[in-house]
Amino acid sequence: MACIEARGLRKAFGSTIAVDGVDLRIEEGRIVGLIGPNGAGKTTALNAFLGLTPYEGELRVLGRDPWTERDRLMCDVSFIADVAVLPRWIRVSQALDYVAGVHPRFDRAKAEGFLAKTSIKRTSKVRELSKGMVAQLHLALVMAIDARLLVLDEPTLGLDILYRKQFYDSLLNDYFDRTRTIVVATHQIEEIKDVLTDLMFINYGRIVLNCTMDEYESRFVEVMLHPEKITAARALRPMYERQTLGRTVLLFDSVNRQQLVALGDVRTPSIADLFVAVMGNQGDMKGAAK
Amino acid sequence: MNTTSNAVQESQLGISPAVLSATRSFYWSVRRELWEYRSIYLAPASIAAVIVLGFVFVLVGLPHTVRSAMALSPNHQRDALAQPFEVAAGLIMAASFIVSFYYALDSLYGERRDRSILFWKSLPVSDRTTVLAKAFVLLLVLPTISVAITVVTEAIIVLLSSAVLAASGLSVAGFWAQLQPMQSMMALLYHIGTVHILWYAPLYTWLLLISAWSKRAPLLWALLPPFAIVVFERVAFHTTYFQNFLQNRFGGGNDAASGNMLDPEMRMPIFHFMITPGLWFGLLFAAAFLVAATRLRRARGPI
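Order-wise, the sequence lines are chains A and B. Residue 1109 is where the first sequence starts when you use our numbering, and the numbers rise one by one after that. Residue 99 is where the second sequence starts when you use our numbering, and the numbers rise one by one after that.
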């Protein structure tokens, strides 16, 4: 069954179109990275999935309409919208009490277990915790909820590298069990590369790339050219060209690897390079359209 | 696990899980409000503490007051003795009115300003439950706390007075008979129930609505529209209907809502109050404001 299914999903704020006719289908058990530049429509799309904003078009999350059934949907969906959304006045013990009180699928013992591994005191107020500790607390609350879909929107923004690493490690080791679905939007692409099963690029409110990580590794090839092979290489229609350390690097989509080996040093591009290539072409398209 | 234990409880009680879970989220939503806005009980309690402290100074002159009151007619006697109680009740009521005003304006605005609305909305609690919990705190919890604190304060005052009177050889029983504690208690409850809850409901729910709607300065937005109507009416039609209406409704001009409520003899019969059309129109508006606040809470995000 599809966890999230959207057809013609659209959302405009006045004359600004944040999400422009998105069609997508995310199956259960996937970990999807939603990646796009600032203002690309990531947060708006995620908000639509979570019932935080009305939208046009068709959208089903776990078979429900998020806008009209947010409270029921939230029994099966968790989200961390930002690092700093836990109310600052709440005590750690109150947060545990409250979530245990309202959430039928919250396992308090599990949350206490996660917290025991941190230095967070039960009597502290959120305002007394460091940013990293607040993220740990929120993650402990969320991971103790037996949800089918977890949505993370820049969950580690502003955290130092140790907390970020820990965050994704616990998510993968203690939470993900192949039946849950995780959708994560972030700018820190390389850090979550190994976690993902699917990659989705979004720009100008549209999905511009949607592939599994397996596809990504087989489809995209980057070649650092031998200088004399430039013409031959360009004939194979690379999707992007850049210069690095005085050498030309071309990025190809679905071109036979054997053919490319003769032209230079072949490797799988980093997600960042692929992102720049895809977004760069998007910019060209916009330019051409004008 | 929590899920199973909840399920077991539900089946044992024979109540449908949906109803039970709605009650549970309502209960926790109310508790959340009391955690967040501790001024709901701290403000009236600290005023009460100040009153008791101040009354200690009155105690010194109390035997003299009682002796001179003996010379007065029974009605004046009661007035003289009841004065500290009316002052205490009035001040605590004023404190809780200020807290209610502040609470109503902040409750749906503050959670958007500090972005915590994204946390609250990530949990299976509907916007209706949230708004109703806030209205419940505003219209029932706050007045109840205010009454409770008033009763405790007055009890302390009575006990202190009795001790002082007994020590100076005056009749404590006579003092108690004059005070008519049950009667003034009923007057207080009646006043809170009619004026603070029913009659002022549209005012409080209007503040909740503005709190859910405004992106900044909710106080300004709450006061500006009525003020604008008053000004417009004066300039355009040279009339003051709306101003008079507001003064009558909330300024104590109406019989039902007047300050005389505390005086047991001038109490308006409850039946008379219940058939005032203004009461029911007001409640209708209050309900509409709550529905609108719920819809806004659903659509609005952090600011």
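These are calculated hints, taken from the structure and not from any lab test. Check each hint, because a few of them may be wrong.
Said to hold, decoys possible - Below, a list of computed lysine-lysine pairs in the DSSO-like style, where the Cα atoms sit at most 30 Å apart:
id : chain 1 : residue 1 : chain 2 : residue 2
1  : A       : K1225     : B       : K313
2  : A       : K1239     : A       : K1218
3  : A       : K1239     : A       : K1301
4  : A       : K1273     : B       : K313
5  : A       : K1233     : A       : K1273
6  : A       : K1218     : A       : K1273
Source: prediction; values computed, not measured.
Okay, the hints, checked on the actual structure:
For the proposed pair K1225(A) and K313(B), the alpha carbon gap of about 40 Å is over 30 Å, so the pair is violated. Note on K1239(A) and K1218(A): the hinted pairing holds, with a Cα-Cα distance of about 22 Å set against a maximum of 30 Å. For the suggested pair K1239(A) and K1301(A), the alpha carbons sit about 24 Å apart, so the restraint of at most 30 Å is met. The straight-line distance between the Cα atoms of K1273(A) and K313(B) is roughly 36 Å, outside the 30 Å bound, and the hint therefore fails.
Straight-line distance between C-alpha atoms of K1233(A) and K1273(A) comes to about 25 Å, which keeps the hinted pair within the 30 Å bound. As the CA atoms of K1218(A) and K1273(A) are separated by approximately 21 Å, the hinted pair is consistent with the 30 Å bound.
Of the hints listed earlier, those the structure fails to meet are numbers 1 and 4, in rising order.
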